[in-house]
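Number of protein chains: 2
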Amino acid sequence: MNVSYINPFISSTIDTFKTMLHADISPGKPRIKEGSAPTFDISGVIGLSGDAIGAIALSFPKLVSLKIVSALLGMPVKVVGPELTDGIGELANIISGYAKQGLKEYKLSISLPNVIVGKGHTIAAPTGVPTVIVPFDSTFGEFVLEVSLKTK
Amino acid sequence: MNVSYINPFISSTIDTFKTMLHADISPGKPRIKEGSAPTFDISGVIGLSGDAIGAIALSFPKLVSLKIVSALLGMPVKVVGPELTDGIGELANIISGYAKQGLKEYKLSISLPNVIVGKGHTIAAPTGVPTVIVPFDSTFGEFVLEVSLKTK
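Just so you know, the sequences run in chain order A and B. Going by my numbering, the first residue of the first sequence is number 1, and it counts up by one from there. Going by my numbering, the first residue of the second sequence is number 1001, and it counts up by one from there.
The hints are simulated quantities; they were obtained by calculation from the structure and are not laboratory data. Even for Gly, the Cβ is constructed at its ideal location relative to N, Cα and C. Do not rely on the hints blindly, as some may be mistaken.
[Said to hold, decoys possible] Short, incomplete list of chain B residues facing chain A, as computed with Cβ under 7 Å: (1) Ser1049; (2) Ala1052; (3) Thr1085; (4) Asp1086; (5) Ile1110; (6) Asn1114; (7) Ile1116; (8) Gly1118; (9) Ile1123.
[Said to hold, decoys possible] What the simulated footprint calls covered on chain A by chain B, stretch by stretch (three residues with Cβ under 8 Å from a Cβ of chain B suffice, anywhere in the stretch; the number is not a length): (10) 95-107; (11) 111-120.
[Unchecked claim] Ranges of calculated distance between the beta carbons of each label pair, as one might list FRET restraints: (12) B/Arg1031 x A/Lys104: 23 to 31 Å; (13) B/Gly1074 x A/Met75: 29 to 37 Å; (14) B/Asn1007 x A/Lys29: 43 to 51 Å; (15) B/Lys1062 x A/Gly28: 28 to 36 Å; (16) B/Pro1135 x A/Asp24: 44 to 52 Å; (17) B/Thr1151 x A/Ile32: 43 to 51 Å; (18) A/Val79 x B/Lys1018: 38 to 46 Å.
Assemble the whole structure, with the sequences as input and the hints as a guide.
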C-alpha cells in the first residue's frame, strides 16, 4: 500500500506549528488505523476533493487544544467555545492548504472545517479507504493527524 | 441572509430516503444554528468545495441510525461498527451527490464521508458561516441535516 501522500501532511503540520505557534513538534511512526479507535476530545475535520478524495482530522485532548489555541490567539482560552473551535478549524485549514501544495498531482480542493467536540468520539472513514494515523508530540501535549485519501 | 442553497439538500434527502429506503420523511422548519447545540450520536460529515465551500452533516440518534442502515442493507444491523458507519457515510455521500446537481452554479465537489460516533457530540462550523439545521421526522425516528456553506 502506497501511502506516500501522507508526507506532505506531516511536513505541513510541522511547518504550521513552527510558523504559527513557534513550536517544534515531533511526528511518531505513521500507522494504518485499524477499526475505529477512539480519537481525542476535539477534532478538526476537513474534506478533500479533486483527482483524489478524502478527509483529514486533527484530533486533540481538550487541554491540549486549549493550550494550542491560546498560543495561536496570544490570549488565554480556557473554555470550549467558538474561539476554540474556530482556532482548531483554522489550524486544520492551514495545514490542509499547505499540504495540498505538495500534492499538486491530485488537484485537491479543501472544504470548510468542521470541529467535532465530544469526549472520546471516534471518526470512521469508509471501509476500504486506508486511514493513516500520525501521532505527534509537542510541548502542548500529544495529538494525532488522521488522513484518509482515495486515490484513483 | 439568503440560504436558498438549503433547498436542494432538503429535496435530495427526501428523494434519497424515498428511493433507497422506500420511506417518506417530513422536513421541519429550517433554522439557523445558534451556538454549538449538541447533535445526536452518529453523524455523517462530508466536505464541499468548489465555487462555494462548506460541509454537511447528517446526525442521528444511535437507534435511528441502526434502523436506517438495517433498511438500507436489507439485514439487521444491531451494533455500532463498520456496517453502520459505512451505511451512514454512503447515505451522506448520496445526498450530497444529488444535492450538488441542484447547485450547479457552485460547481461543488464532495469529499469522502467521515462518520463521527460519540454520544452527544457537537459539530461546529466556522463563526461567520451560517449553519442551517433542518430537522426531519421519519418512521425510523428523528434526525437532522446541517449545512454550512460559504458562498463567495
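- Measuring from the C-beta of B/Thr1085 to each C-beta in chain A, is the shortest one below 7 Å? 4 Å, holds
- Does the Cβ-Cβ separation between B/Gly1074 and A/Met75 fall within 29 to 37 Å? 54 Å, violated
- Query: Counting residues of the stretch 111-120 of chain A whose CB is closer than 8 Å to a CB in chain B, do you get three or more?
  - Reply: holds (count 10)
- Message: For the restraint on B/Ile1123, tell me whether the closest CB of chain A is nearer than 7 Å.
- Response: 5 Å, holds
- Item | B/Arg1031 versus A/Lys104 beta-carbon gap, inside 23 to 31 Å or not | 41 Å, violated
- Can you let me know if the beta-carbon spacing of A/Val79 and B/Lys1018 is within 38 to 46 Å? 43 Å, holds
- Hey, does the B/Asp1086 contact hint survive, CB to chain A under 7 Å? 5 Å, holds
- Item | Satisfaction of the B/Gly1118 interface hint, Cβ to chain A closer than 7 Å | 3 Å, holds
- Given B/Asn1114 as an interface hint, is the shortest Cβ-Cβ distance to chain A below 7 Å? Cβ of B/Asn1114 sits 5 Å from chain A, so the hint holds.
- Task: Tell me if B/Ile1110 is really an interface residue toward chain A, meaning its C-beta lies closer than 7 Å to one of theirs.
- Result: Result: holds, 6 Å to nearest chain A Cβ.
- the stretch 95-107 of chain A covered by chain B? Criterion: 3 or more residues, Cβ-Cβ distance below 8 Å. Answer violated; 0 residues pass the 8 Å Cβ test.
- Item | Interface hint outcome for B/Ser1049 [beta carbon to chain A under 7 Å] | Constraint on B/Ser1049 satisfied, holds at 4 Å.
When the structure is compared with the earlier hints, violations turn up for hints 2, 10, 12, 13 and 17 and for no others.
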